[in-house]
Amino acid sequence: MASVRLEDVHKTYPNGHVAARGLTLAIEEGELLVFVGPSGCGKSTALRMIAGLETPTSGRVWIGDRDVTQLPPQERDIAMVFQSYALYPHRTVRENLAFGLRMRGSSRTLIEERVARAAFALGLEEFLDRKPGQLSGGQRQRVALGRAIVREPKAFLFDEPLSNLDAKLRVDTRAELGRLHRRLGATMVYVTHDQEEAMTLGSRVAVMHDGVFQHVAPPMDVYSRPANRFVAGFVGSPAMNFFDCDCEEREGAPCLVSGALSVPVQAGEWVRKAGPGAILGVRPHDIELCAASDCDVPARVDVVEPLGSEVLLHLQLGTDAEAEHVRAVVSPEAGARVDDVVGLRFHRDRLHIFKSSSKTRLN
Amino acid sequence: MSGWRKWLPVGVVGLLVLATAFPFYWAVVSSLTPEARLFEAPPLLPVELVFDHYRALFDERNFWIPIRNSLIVAGTTTALCVSVGALCAYALARLDFRFKGLILGFILAVTMFPQISIVSPLYLLLRELRLVNTYPGLILPYLTFAMPLTVWLLVGFFRQLPRELEEAAMVDGASRLTAFREIIIPLALPGLATTAILTFVYSWNEFLFALSFTLGPERHTVPVAIALFRGQYQVPWGQILAAAVVATAPVAALVLAFQRRIVQGLTAGAVKG
Amino acid sequence: MDPEGPGALRAGGVTGNRRPRGRGPPRGGIEAADARLARWFVLPALATILLVALFPLAWTFWESFHVHDLRMPWRGTPFVGLANYAEALGNPRFWQAMGHTLFFTVVSIGLELALGLVLALALNRAYRGRGLVRAAVLVPWAIPTVVGALLWRFMFDSEAGIANALLMDVGLMDQPLVWFIHATAAWVPVILADVWKMTPFVALLLLAGLQNIDASLYEAARIDGASAWQQFRHVTLPLLRPAILVALVFRTLDGFRVFDLIYVLTGGGPGTSTEPIALYTFNSLLQNLRFGYGSALSVVVFLFTFGLAFIFIRFLGADLLRTRE
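Protein chains in written order, with the working numbering: chain A, 1 to 363; chain B, 1 to 273; chain C, 1 to 325.
Derived from the structure by calculation, the hints contain no laboratory data. We treat Cβ as the ideally placed atom computed from N, Cα and C, and that holds for glycine. Please note that the accuracy of each hint is not assured.
Some residues of chain C that are not near chain B, with every Cβ distance over 10 angstroms (derived) [as the list claims (entries may be wrong)]:
id	residue
1	V67
2	G76
3	N91
4	R93
With the Cβ distance kept under 7 angstroms, some of the chain B side facing chain A (calculated, not the full set) [claimed, not checked]:
id	residue
5	T134
6	E167
7	I183
Chain A with its partners taken away, still in its complex shape:
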């Protein structure tokens, strides 16, 4: 196992598209780090540059203590699981698993031993002599995994490996991958667009947007203290609510005000840095219903979506002309109905405040 390091990596394509801007990141040995972000954010490009399938325009890539930036993929000793699995259709499962070791000139005994072990670990023993075309999607996925494991590489790379599976299989396989990581203690770099996957799998999460790492931290940090507005809106479902507010003083305390909304906030250094305005963020789960007289803002219930153990409310603030929409998740006992006018109260310890200009976190 080895660590993986990106050092000021840039990637610009000949047509002018910039896929990576100054990516710098240190992935520790044995860590499972997830690149997550919307499509086009550059996560796949970053992964491919680690794999060697693309070369950075500038910057360096290290695997262990080797500078591999200019090395082709075959010399990097990493393994990759592709979104479409990319199994060799004309070869049997056994041959697929053995391919990498064959390329390295390993002895036949070693190959047989490792293939048998991997097949046993992944439950592929009865498929060894079949071709990929005769397997189901889940089985193919395991072969792709097996192909990677057999090589005992310095690091594993995953490019959205669960996207082609149906929802139930996805959750099961996700758990499998987590278990695999713990058992192997392997360095893994994982790419996905699904923030739920990222949060559940990664020891650390790297949120990407527009070719830049927006926030690299363990999942709970990213969730509870997102570094900027983008990360705050991307992580967590349903997405966070945002309000453009002015900073005012009310009753001697600093307040964020926007229309009918008025939220008193803790005083602190950040108030000075904020300037006249700031963006307030609050998650739907951190909103309570209360009496309309004693709340942060009154709202009208627009749509009620019962989700079983919770209820998702779509609420409207203000008049129809300048309506702002808010989402809140409450328990079914609250008994909210369409067109009710309720009061919303934001959890005081779970407010996220961002600078209007740079969108970075203030509190």
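Put chains B and C on the given structure of chain A with help from the hints.
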């Protein structure tokens, strides 16, 4: 669809097959009709069948010779073009390099060359090299249209293979070249076969170059030999038609056997809306 | 904790890696290796094509500006500028040949497209035995043109040919016609032979295009109340445009280059009344052995073919090269 109109498509297709097949049918029948009756208000259904013409074709006219010539020329051209063309097509389909678009466009352009426009310099060139009326003297000009055709068809086939296969192979430790050999070629075999068939058919059917660059029956290919059949007193239609049947049969067999692949190869990408 | 979170990560600079950030290709890595390999892969085929296609073409252009009569080698090959072209443009036989070519191309293509479309529509609906039918109709396309031409020549050949016999039986004619000695009648077997050979090919191209049209579009149109004809006009035809254009390009180019068919069917005759430009060029070159003049004619054919190809490619070439991706 109402009653009789349901049968319209089948009817049209049936008509087409009839119209297509009729000249062949007539040729086969006539080639088996004795000489004397060939032009005697012939009935549509044959009454008498003889093999005279076929016998004369092979015994007197040595039709084996043009067949041999065509096989050698078309076969060699195909072998050369598919092997060399496959490398070029792979590079154009998968690898990124400067001028790729230009080269692709150039090759497409060459497939549209009117052959008549290069007959004269090729003739002069062959004359200089003393290659007129030889096998290389035909194979070389055939490369003019066969090579671009092969490359163009194979680019289409290679593009259909998923990119990630080679990437997986490279991550697994193979060089681009090894991945090409171990992964791509085996998977591209159907495409290579179809291209080979099409190239062979085009080469077999070629007429202008064969007419211009061969001088005598020793090196004539099948199309030229048939076109230049001369009779003592009149056009030997019986033998011509027999030769036509002989020339058509193998091609027809090939096409019938591989029709699905051929159509795929020809229309692949050309009309992807 | 630094509130400018991402900034700390962005600052970079672990060691001084001062390579300038540009758009140029990296010195090493997979892209460079690929480009190197590509050079070796492309070279043989490209060199061959340049040698046997481009070089002779350049030679033809060069020859067209000289006199080169193989029957009179002592005259050498003097440079005469555009004299060959002038002679061609002033020669009525040249213009007739161009006219014949144009006539042949337009009529053949028109018939082939119309019939091909009908055929493609029918093939699209008729599900049974489609493979067999496809194979059957491919055969005329697959056989040598000269063989096909000979079949048609035989059918129309003399007063006792089957064409005459059938036409008289049906009652369209009361006397047998010697087709090949009449300047206009001679075109009939020529065009029929071409349509017979190439309509199936056009039909297959159009069929592929038809099969790419999403069936749900027809359903939507039907639900909206469109009749069969309206569906054809507003769904089929527009979506078939690319296929029609491709068929048009290929057939037009082939039409302009027509040689084999006419050489065998009529020899250009009677006289020169069915002589297309390619045959005229051929005669000048390899019968009259006037290589300079013939080269000028060759150039004219080339420019026309290429001009047409260029125009067509402008229209759908971007599509052709892109959809092949």
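Exercise. Taking each numbered hint in turn, which are not upheld by the structure, reported in ascending numerical order?
Worked result: 5
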